[in-house]
Amino acid sequence: MPTKLKDDFQIWKLAKDLGLKPKDDPVKEIVHYCLQQVRAFLKEFPCDSLSDLLETSATKLDTKFVEIHSDEELQGVKCEYLNKGETAFALLDEELKPKVYAVTFRRLTAKRGERQFISIIDCRDDKAFRAYFSKWHELAHLLTLTQQMRFKFCRTHATENKNDPEEALMEIIAGEISFLPEFVDRHAQGEISFEKICELRELLCSDASFQSSVIGFTKRWASPCVLVEAGLGYKKSEIRKLEQNAFDFLEKPTAELRVFHANANDSARQAGIFIPQNIRIPKASIIHQVFSGEFVPQGEAVENLSWWEKSDGSSLSDQQVLVKACRNGEHVLALIIPVL
Amino acid sequence: MPTIGDRIKEIREDFGWTQEKLAEEAGLSKGFLSDVENNKRDISSTNVLKIANALGASLEYLMRGEEKKQETREPIQIPVALSKAAEDLDLSYSETLTLRDTYNSIIARRSSKSLKPPTVEEWKHLYKVIKKAVPPDADEAKG
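The listed protein sequences derive, respectively, from chains A and B.
By my numbering, the letter at position 301 of the first sequence is numbered 374, and the numbering carries on one by one without gaps.
By my numbering, the letter at position 32 of the second sequence is numbered 908, and the numbering carries on one by one without gaps.
Honestly, the hints are just simulated from the structure, not real lab data.
Model, not experiment: these values are computed from the prediction.
There may be inaccurate statements among the hints.
To be verified - As a list, the in silico DSS-like pairs of lysine-lysine whose alpha-carbon atoms are at most 30 Å apart:
id: 1; chain 1: B; residue 1: K926; chain 2: A; residue 2: K116
id: 2; chain 1: B; residue 1: K1000; chain 2: A; residue 2: K157
id: 3; chain 1: B; residue 1: K992; chain 2: B; residue 2: K1008
id: 4; chain 1: A; residue 1: K200; chain 2: B; residue 2: K960
As the list claims (entries may be wrong) - To give an idea of the chain B side of the interface with chain A (calculated C-beta under 7 Å), a few residues:
id: 5; residue: I880
id: 6; residue: A928
id: 7; residue: A930
id: 8; residue: G932
id: 9; residue: S934
id: 10; residue: L935
id: 11; residue: Y937
id: 12; residue: M939
id: 13; residue: L967
id: 14; residue: S968
id: 15; residue: S970
id: 16; residue: I983
id: 17; residue: A984
id: 18; residue: R985
id: 19; residue: T995
Each residue gets a CB set at the ideal place from its N, CA and C atoms; glycine is no exception.
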């Protein structure tokens, strides 16, 4: 996105339409507004887990989740609702294209006592791993639904090839409400590990994917931690040349193990721990060994951030870290924990 | 005046469930559910939530019954592209509004693609897809 989300006109307009009066950060205000609503649900209906909170929030927001696990199920749901006069379901196939994980419809023919909305969650193939977060994302839309949004076609600010800022905002909101501090904080103490994360996932949100729970819990963990997702990739200059087919007569570059994403939690940011995106993973790192499968799918080692070399030749800061790495499909997830 | 018990019974019967089935799905005893439906016992909001979740029903309706809808007159807005498409397809005003309402009923999607208002061709495509997919008697269901 060319501008920061908090500077985007659509986001400021949404804040205004919600009756908010942000001073300089509408994103923060809107997130707070959504958190207040979810906390009100929790106060009215105490929940034991995040999964319970998800179901309760859906009920309070008057939507029904329908998961689709196969093409046949999709057609079945489509026919069921078309027969009820819900004409928008004619578009269900088109709506649930590869990059679309969920869609929410407002019912046109809801009978008395039926919920006003229905959220279709696409769980076919790899999309199943995102189902938990997709549900929260749909609820984020409902938490921020305004009268003005009913005339969605009036928005003319989304431009070609630009990720919609409101969608980006919904991801932020979903990230906050799906791992609500009230549930997580008392557990997210001590040394972080993949085992501890799995235990919490079972306890609080068993329907969340492993990756989703690693991201969510790491973010909330009290002690500093940077979550790295590593996979094979190229330098930016190499990517540009590959896209231009500039290597036709030259040797193509070799993909190397690089950081796809690096998310530092608040404590890590405060401690000044920073790992740039796309930096190469040091050959000596346990991350490399887990990736190449020399050990069982996970391992840990004490390393130093100064081993990490940037493209300009400089290194990251001299900081001893405990690295816990775990294979996740084609990638490796790693918890980088400063040794203080 | 209908009570919570009356509404629970109404929705349960619409769903085609027995009391036993609903009680099992909601994690309640059949005896308790029967008493509630027969207005012999009160029910906590937590248990109404369980029933709403089991039936996929509106919690608001079960708790409070039909809400009086405020009559608000909103200006009818038809985007230029839809208007052009409707003209090309020779749609009636009512058909045009139905097409607009159908599109607008898709209120949220989780995707990374950008959202743009439909073009004339996209409105026409939407109309054709809907016309092809909607069974002839679906209009009766809408009534």
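Now for the hints, and whether the structure bears them out:
Distance restraint check for B/K926 and A/K116: the Cα-Cα separation of roughly 16 Å lies within the 30 Å cut-off, and the hinted pair is therefore satisfied. A threshold of 30 Å between alpha carbons decides the hint, and for B/K1000 with A/K157 the separation of about 23 Å falls inside it, so the pair holds. Taking the CA atoms of B/K992 and B/K1008, the gap is near 24 Å; set against the 30 Å cutoff, the hint holds. Distance restraint check for A/K200 and B/K960: the Cα-Cα separation of roughly 37 Å exceeds the 30 Å cut-off, and the hinted pair is therefore not satisfied.
The interface hint given for B/I880 is broken, as the beta carbon of that residue sits about 12 Å from the closest beta carbon of chain A, more than 7 Å. Because the beta carbon of B/A928 sits about 5 Å from the nearest beta carbon in chain A, less than 7 Å, this interface hint is met. A least Cβ separation of about 11 Å between B/A930 and chain A goes past the 7 Å threshold, and the interface hint is therefore violated. Interface hint status for B/G932: upheld, as the beta-carbon distance to the closest one in chain A is roughly 5 Å, under 7 Å.
Below 7 Å, beta-carbon pairs count as interface contacts, and B/S934 has one with chain A at about 5 Å; its hint therefore holds. This hint holds: B/L935 has a C-beta 5 Å from the nearest C-beta of chain A, less than the 7 Å allowed. Because the smallest distance between the Cβ of B/Y937 and any Cβ of chain A comes to about 5 Å, under 7 Å, the interface hint for this residue holds. The interface hint given for B/M939 is violated, since its Cβ lies 11 Å from the closest Cβ of chain A, which is over the 7 Å cut-off.
Of the supplied interface hints, the one on B/L967 is violated, with its beta-carbon coming no nearer than about 14 Å to a beta-carbon of chain A, more than 7 Å. A cut of 7 Å between beta carbons decides the hint on B/S968: the least distance to chain A is about 15 Å, and the hint is violated. With 7 Å as the threshold, the beta carbon of B/S970 stays out of range of chain A, its nearest partner Cβ sitting at about 13 Å, so the hint is violated. A hinted interface residue such as B/I983 counts as satisfied when its beta carbon comes closer than 7 Å to some beta carbon of chain A; here the least separation is about 5 Å, so the hint holds.
The closest approach between the C-beta of B/A984 and any C-beta of chain A is roughly 3 Å, which is under the 7 Å cut-off, so the hint is satisfied. A hinted interface residue such as B/R985 counts as satisfied when its beta carbon comes closer than 7 Å to some beta carbon of chain A; here the least separation is about 4 Å, so the hint holds. Because the smallest distance between the Cβ of B/T995 and any Cβ of chain A comes to about 11 Å, over 7 Å, the interface hint for this residue is violated.
The structure is inconsistent with the numbered hints 4, 5, 7, 12, 13, 14, 15, 19, although it conforms to all the rest.
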